[in-house]
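Student: If you want the building blocks of each chain, they are given just below.
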Amino acid sequence: MAKVVPGVLKGLGVTLREITKTVTPRRFGGGPATVQYPHEKEAPPIRARGVIALHQGNCTVCMLCARSCPDWCIYIEGHKEKAPPRRPGGKPRNVNILDRFDIDYALCMYCGICVEVCPFDALFWSPEYEYSEPSIAELLHDKEKLTEWMETVPEAPELEAGADKKK
Amino acid sequence: VIGVEIPYWGQTLLRTLGVTVAVLIPAGTAVYVYLFKMVSFMQSRLGPMEAGPYGSMQLFAEVGKFLQKEDLAPERADRFIFRAAPIVVLVTVFLVYVAVPFGPSAVFANYDTGIFFALAVTSLSVLGILMAGWSSANKYSLMGGLRAAGQLIAYELPMVLAVIGVVIQAGTLNMQGIVAAQKNGEIFGWGGLGNPYLLTQFVGFVIFMIASQAELTQTPFDMPVAESELVAGYLTEYSGFRFLIFFIAEFASAGAFAALASTLFLGGWALPGLPLDASYMNVVGPIVLFTKMMVVMFVIFWVRFTYPRFREDQLQRFAWKYLVPLALANIMATAVLKVVF
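Line by line, the protein sequences give chains Y and U. Residues in the first sequence are numbered from 1 upward in steps of one, following the numbering used here. Residues in the second sequence are numbered from 1001 upward in steps of one, following the numbering used here.
Don't read these hints as lab results, they were simulated from the structure. Any given hint might turn out to be false.
Each pair of labels, with its calculated beta carbon distance range [claimed, not checked]:
#1 Y:Leu9 with U:Arg1045: 22 to 28 Å
#2 Y:Leu159 with U:Arg1045: 55 to 61 Å
#3 Y:His79 with U:Met1057: 58 to 64 Å
#4 Y:Tyr129 with U:Thr1016: 51 to 57 Å
Covered stretches of chain Y, as calculated for chain U (at least 3 residues, CB under 8 Å) [said to hold, decoys possible]:
#5 9-21
#6 31-38
Backbone N, C-alpha and C fix where the C-beta goes; we use that ideal spot for every residue, glycine too.
The whole structure should be built from the sequences, with the hints applied where relevant.
Tutor: Written as structure tokens, this is what we have:
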């Protein structure tokens, strides 16, 4: 019994200290650990996995992202077109034109494998997270919407000194 | 006191209104201030903030939500007993307030054996809880009801024994008499503070608070509703306004025990420096008592939100092997000192 009592009182002290800390205004180093979300927002970390943005010009319809997606939530369609040759007298080139690029965020589990696997830097993480919808079908973002997210993609951080420059 | 003759039906109406206010105001205040806000602060969050300024209207939102829900009863339940159980629990809380004095003449019924009456009706709530557990036709409810019965009987004893110390010192079972005895009492010949029994009956106060924590099935003693073991114990099958009645009864009885503790140990509605029999004390007295109740309830909820739950055997051992002997020793010491002084 004699051993129990100090610990019991210490426990009461912990909760009492937490009350005083929470009711102390933020500017005096107190405040709650939570944020009153719709009224005040936490800035997500710059590399937060909020939403995936698409840079259409870099996409070659290689399907690597769609194939590597564990949830199969990326839908890609494309077709081939002939493009004028690069230098006069050459053969016309085959180019892949992107017709459809949808990500179903109702399925996406934010693993980021598609961003990792993309060989042409067409997919980027954006920290934007406020895109909930009243209807689940509207969570399917088409390529126009995915392109709009590009604006929210932060600048890539500086490379470390001595890192290999991309050619 | 007022000087106007009120007909009997009018008195009945006024008393009904009065006891309803006396039950609901402390219960509602405790739910908002302690259950919604204080526990949130303890967990480093703000609690409800949207309904009204600082979430102060949250309680009405909750009540509205419960009233909208369907009043379900399980198919195999004993309908009549199932429906009556919450009412029985709530009525016992109302009955406690009948004996608690709020002022020199602001008392619903000034019984000669008021504290005896109050302790007797508090132990009636176990009947309602057993009814709820038994009639739900659900094993979790039954287990919860039986646990509640075992726990409430075990802690009834130390509570009564703790009160006996106060009764010996005050020399009366009348609640007004206990208030007056504390107000007019002296500690070693010094009467500046009166003699709140918190000081001279500190052991009794601690036992009373622990026992009332158990009687209220508040957290270190919440095995009857242990959600991780028994879903919600005897509350499992209740929904809608019957659950709401249980909920109100839980916090109203916290208020009732706080009122008993304030009356027995903190001097009740009297304050040092205020007269004992002036008629304005009928207005000031309830405020004083309410303030003291809030302090006691703060302690109840502070303890509730600090500690984890006891195990069933630890609970019984704590009551029978520590609290009851301690309470008996307290009675002996009080009796000896009563004779000596």
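Student: Confirm or reject each hint.
Tutor: Hints, one by one, checked against the model:
The hint said 22 to 28 Å for the Cβ distance between leucine 9 (chain Y) and arginine 1045 (chain U), and at roughly 25 Å that hint holds. In this structure, leucine 159 (chain Y) and arginine 1045 (chain U) break the distance hint of 55 to 61 Å, their C-beta atoms being roughly 41 Å apart. Range check, histidine 79 (chain Y) to methionine 1057 (chain U): about 60 Å between beta-carbon atoms, so the 58 to 64 Å window is met. Between tyrosine 129 (chain Y) and threonine 1016 (chain U) the C-beta distance comes to about 54 Å, which sits within the given range of 51 to 57 Å.
Note: the region 9-21 of chain Y has 8 residues with beta-carbon separation from chain U under 8 Å; the three-residue rule is met and the coverage holds. For the region 31-38 of chain Y, the stated coverage by chain U is satisfied: 4 residues place a CB nearer than 8 Å to a CB of that chain, which reaches the threshold of 3.
In summary, the structure is inconsistent with hint 2 from the numbered list given earlier, while agreeing with all the others.
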